[in-house]
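Modelling step: build the complete structure from the supplied sequences, incorporating the hints.
Remember, the numbering used here sits 361 above the position in the sequence shown when you count from 1.
In short, the hints are calculated from the structure, not lab data. Note that the structure is predicted; figures quoted are calculated from it, not measured. Positions of the beta carbon are idealized from the N, C-alpha and C atoms, including for glycine. What you were told as hints is all true, and nothing was included just to trick you.
Taking CB as the label site, the calculated pair distances span:
#1 Arg415 x Gln365: 40 to 48 Å
#2 Glu611 x Arg651: 17 to 25 Å
#3 Ser632 x Asp565: 50 to 58 Å
#4 Pro520 x Leu693: 40 to 48 Å
#5 Lys364 x Thr593: 44 to 52 Å
#6 Arg535 x Pro387: 21 to 29 Å
#7 Gln365 x Gly414: 35 to 43 Å
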Amino acid sequence: MKKQPDLQRLANSIVAWFQANGRDYPWRQTRDPYEVLVAEIMLQQTQIATVLGRGYYTRWLEKFPDFISLAAANEDAVLKAWEGLGYYRRARNLQKLAQAIVTQHNGVMPADPAQVLALPGIGPYTAGAIASFAFGLHEPIVDGNVARVLARVFDDDTPVDSTAGIKRQWDIARKLVHGASDPRAFNSGLMELGQTVCKPGQPDCIACPIKASCQTKRAPELPVKKPARTLTEVDEHVFFHRTPEGILLEQEAGSRRTGMWKLPAVPNTLSESERGPILLKLRYGITRYRVTLWVHEPSRALVQNVTVQYFSAAEVAALAVAAPYRRALLMLECDVAAASPWSS
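Here it is in structure tokens:
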């Protein structure tokens, strides 16, 4: 049987490494729970380079500096500010969370992890991040980077996305953070170790600060995951119509992008010939779907039979329009590049 590593020594090796090598992100310079929360929500499904390089994080805080301002904001303004980050449900949930904190806690994030976890839209990861990063509590966090590091350190081939694997990862992370001298540095360091050293394809085991504690000799093979779901191919048919009145758009009705604007849908009941000539096609991915977007030139009857609204190019630029449709409009040489959401 392999000798298990000393958990306290392992945890504090990560703390020491992070304190010497950790990268300097804006959200690491604050202990404000709101600023920590905004960063965590933005980074859930968006890369750090996008959030930082395009200024989303700092500009969001300029427009909505606290829970109170976000709770009171118009939803259109919230969606416009989020445009480009995708997964717009995150923006809506963030605003609903702000409204709950204003209503239930007078606009102040509670420090008690159990109270945080009881808030709408908060799961164990976000609750742990707020507890450790904002309040300095010894609470664990587990994301994909953390799961990879722990699976390798403990040579664990339990699928990390299985019920048993998830429980095991959280149990180990909890034991480790309880032994850490600085839970904030430990959690940040464990994630950054997975991002920069214990990477998915080519782990840099020589440079690893915890290699003496690592149990595995097969790092590239770990972690194990359940078989991936296959992507579902989907065709989406919309139409583009522009007149002197403007460009025709309709509001989204689906739960994912409710309230945003898009090119009008072509009814599924129409035959291929009835849909009208194809102006362009483009592809995009969303969750487990790979979508082919077909943009048609509509017949007069099609235009007359849909509930839509005309907008000038300048108005479209100011609207919250999901990325695939804005990209289509730009490809059709419409001057609808998104206006800065931070200018008002």
